[in-house]
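Chemist: Kindly produce the complete structure, drawing on both the sequences and the hints.
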Amino acid sequence: MSSEGYSAEEVDSMPDRIAASFSNMTVLITGGTGFMGKVLVEKLLRKCDDVKKIILLVRPKKSKNPKQRLEEMFNGELFEQVRNMRGGVQGLLKKVCLVSGDASAPDLAISPEDRQSLVENVDIIIHAAATIRFDEELKKAVLLNVRGTKLMVELAKECKKLQLFIHISTSYCHLHEKLLEEKPYPPPADPHQVIQAVEWMDEETIAAMTPK
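Once you know that position 188 of the sequence shown is 188 in full-length UniProt numbering, the rest is easy, because the numbers rise by one and skip nothing.
Certain hints may be false.
Unchecked claim - Subject to a maximum C-alpha distance of 20 Å in a straight line, what follows is the list of computed SDA-like cross-link-like pairs (lysine to any residue):
no. : residue 1 : residue 2
1   : K52       : K94
2   : K47       : V89
3   : K67       : A109
4   : K139      : A189
5   : K95       : D50
Simulated from the structure, these hints should not be mistaken for laboratory data.
Modeler: Following this line, the structure appears as structure tokens:
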């Protein structure tokens with residue numbers, strides 16, 4: 001029996017609300033090649049047969065283009081089960097497409113053509129791109145975690161078919177609090193002013209101003 005009094009058989013017979021929620025939806029995911037993002041993509045491909053399209057915002061790297069990074073990810077152990085279910089890597093690629101971009105860059109480094117396509121077609125945005133290093137340089141952390149989220153919200157506001165925006169936030173915060181309550185906490189500074197400051201300051205100046 002489950003904690004709510006349902007048997008395993010009853011739970012198995014219940015409608016799959018996750019699959020129903022994503023049925024015929026075009027989903028844009030940032031951070032899809034990261035730790036949480038990979039698990040999310042695998043889950044959608046495995047459980048949501050009727051998802052229309054999964055679009056991954058992927059940052060190019062010098063050694064690999066976005067398509068190579070995606071194929072490498074799909075060949076990993078995490079995707080073994082869904083590879084077998086969906087006809088191998090090529091079967092997965094039929095459901096997933098790439099948009100070159102960078103959540104830490106101005107305008108997300110998305111081409112005008114790709115941005116217009118997202119505006120016209122995306123139903124759900126899941127924003128999971130973030131740096132989770134505790135010792136990250138403040139400039140990089142602000143540009144990705146704060147400005148990147150702001151830019152994703154601005155993109156979401158443009159999307160003509162958008163039904164849902166999900167932000168997977170970093171879990172490490174308010175380190176000076178002994179107990180974190182389930183409530184919003186006021187920011188220590190205006191985030192818009194912080195973004196403007198780090199955009200023109202160099203990292204050395206920012207480090208000198210940061211409390212140790």
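Chemist: Of the hints given before, which are not true for this structure?
Modeler: Result: no hint breaks.
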